[in-house]
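Visitor: First to last, the sequence lines map onto chains A and B. FYI, this note's numbering numbers position 28 of the first sequence as 28, with every residue one higher than the one before it. FYI, this note's numbering numbers position 65 of the second sequence as 65, with every residue one higher than the one before it.
FYI, nobody ran anything at the bench for these hints, they're computed from the structure. Fair warning: there could be bad hints in the mix.
Said to hold, decoys possible - Taking CB as the label site, the calculated pair distances span:
1. K71(B) x G58(A): 38 to 44 Å
2. T110(A) x Q80(B): 39 to 45 Å
3. E79(A) x P70(B): 27 to 33 Å
4. S82(A) x R9(B): 20 to 26 Å
5. Q78(A) x K71(B): 42 to 48 Å
6. G85(B) x S82(A): 30 to 36 Å
What the hints assert, rightly or not - Quick look at which bits of chain B chain A covers, simulated, 3 or more residues with Cβ under 8 Å:
7. 42-50
8. 105-114
Claimed, not checked - Just a few of them, taken from the derived set where beta-carbon distance is under 7 Å, the chain A residues facing chain B:
9. R43
10. L44
11. M84
12. Y86
13. G99
14. K100
15. F103
16. G104
17. Q105
18. G106
Every residue, glycine too, gets a C-beta built ideally from N, C-alpha and C.
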Amino acid sequence: AQRVTQPEKLLSVFKGAPVELKCNYSYSGSPELFWYVQYSRQRLQLLLRHISRESIKGFTADLNKGETSFHLKKPFAQEEDSAMYYCALRPNAGGTSYGKLTFGQGTILTVHP
Amino acid sequence: DTGVSQDPRHKITKRGQNVTFRCDPISEHNRLYWYRQTLGQGPEFLTYFQNEAQLEKSRLLSDRFSAERPKGSFSTLEIQRTEQGDSAMYLCASSFGQGVIKNIQYFGAGTRLSVL
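Construct the entire structure; sequences and hints are all you get.
Guide: The structure is reproduced here in structure tokens:
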């Protein structure tokens, strides 16, 4: 069984400060990791996935298989980054998982002016 | 709006009543997922369809819950004899996938169910 843990329920930073949202996972096979974001009154949307290895809105995340982590980072937070962030995992291989996502509990990020 | 569409957005019902939600996926997507999200939690997987076939169901899906995707397009999720514990946001997501290829899941805005 897979599990995703986001240890921080709430995270507050000031504009321009660095931000790191933590995500740890447990899964015996090869995982694919995602960060989804939900802005106020909007639907859940994909922010980034580890296989893309790209920066979206200044955010990056590196999959660390040794530490089983996929922390989300941004060097200079902006007020518009305030949102709920979910880390999610799905198995990368075939099998019978059918691509279902396992989500963490989410972290509410607030960026103060 | 060409994204995933869910109807209704909000549903208030009395305990013991039946409710049905509808999800219209992105048109070319063959895979459809239902998730449930309760307050303070991340979404939890309920069930999955590939085209019209329901291929996986979570243990969260009791026998009061049934889902269909009759023509491989829209899907419905029905809850019979609703209980207060069924109060949650019900999310639908769709993706296109073939074999081991699993593409990005796009989510609808959800249906918020309140059972009084």
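Visitor: All hints, please: hold or fail.
Guide: Quick rundown of the hints versus the structure:
no.: 1; hint: K71(B) x G58(A): 38 to 44 Å; in the structure: holds (43 Å)
no.: 2; hint: T110(A) x Q80(B): 39 to 45 Å; in the structure: holds (40 Å)
no.: 3; hint: E79(A) x P70(B): 27 to 33 Å; in the structure: violated (46 Å)
no.: 4; hint: S82(A) x R9(B): 20 to 26 Å; in the structure: holds (23 Å)
no.: 5; hint: Q78(A) x K71(B): 42 to 48 Å; in the structure: holds (44 Å)
no.: 6; hint: G85(B) x S82(A): 30 to 36 Å; in the structure: holds (31 Å)
no.: 7; hint: 42-50; in the structure: holds (count 6)
no.: 8; hint: 105-114; in the structure: holds (count 6)
no.: 9; hint: R43; in the structure: holds (5 Å)
no.: 10; hint: L44; in the structure: holds (4 Å)
no.: 11; hint: M84; in the structure: violated (9 Å)
no.: 12; hint: Y86; in the structure: holds (5 Å)
no.: 13; hint: G99; in the structure: holds (4 Å)
no.: 14; hint: K100; in the structure: holds (4 Å)
no.: 15; hint: F103; in the structure: holds (3 Å)
no.: 16; hint: G104; in the structure: holds (5 Å)
no.: 17; hint: Q105; in the structure: holds (5 Å)
no.: 18; hint: G106; in the structure: holds (5 Å)
Hints 3 and 11 from the list above are not met by this structure, while the remaining hints are.
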